[in-house]
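Mapping of the sequence shown onto my numbering: position 35 corresponds to residue 35, and the numbering continues sequentially without gaps.
Don't read these hints as lab results, they were simulated from the structure. The reader is advised that the hints may include incorrect statements.
Label pairs and their computed distance ranges (CB to CB) [what the hints assert, rightly or not]:
no., residue 1, residue 2, range
1, Thr1, Glu67, 51 to 61 Å
2, Ser99, Arg52, 20 to 30 Å
3, Leu55, Ala3, 29 to 39 Å
4, Thr1, Ser46, 46 to 56 Å
5, Lys5, Asp66, 42 to 52 Å
6, Thr1, Ser38, 38 to 48 Å
7, Gly45, Glu108, 17 to 27 Å
Ideal placement from N, C-alpha and C gives every residue a C-beta, glycine not left out.
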Amino acid sequence: TYAVKLTPPIGELMQPLDMTPAQFNARQAKLGGMQEHSGPVKVSGSPQEVVRAVLAHMNCAPIASDEDAVKFAAKLPDGDAVLWTINPVAHTATVNTESMLFGPLMLEALQKL
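Throw the hints in and build the complete structure from the sequences for me.
Right, here's the structure in full:
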């Protein structure tokens with residue numbers, strides 16, 4: 001027998017979380033401080049291109065938005081919400097999550113896109 005260690009990509013650990021833009025904004029407003037992580041990202045292009053790039057690597061739900069920023073929502077197996085916003089013009093991403101340990105990992109995954 002051989003010991004095997006399988007590590008799924010971080011984007012496959014989540015499930016899509018459907019919500020309205022108003023629900024997203026309200027929940028994001030509650031997840032600040034230690035539950036918010038921001039940093040630069042390489043993703044650029046139109047909002048549709050950003051959605052395609054993220055959905056190719058992450059199991060999440062895009063949130064309708066009239067802004068330049070593209071928003072996504074997902075939940076972890078334990079039910080914790082993960083919300084993130086990507087601004088392709090400013091090349092920045094902000095991750096808000098109830099799990100303080102998952103936030104930096106998620107931001108790192110977005111920076112690799």
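To see whether the hints hold, each was checked on the structure:
no., hint, verdict
1, Thr1 with Glu67: 51 to 61 Å, "holds, 53 Å"
2, Ser99 with Arg52: 20 to 30 Å, "holds, 26 Å"
3, Leu55 with Ala3: 29 to 39 Å, "holds, 34 Å"
4, Thr1 with Ser46: 46 to 56 Å, "holds, 50 Å"
5, Lys5 with Asp66: 42 to 52 Å, "holds, 44 Å"
6, Thr1 with Ser38: 38 to 48 Å, "holds, 45 Å"
7, Gly45 with Glu108: 17 to 27 Å, "holds, 21 Å"
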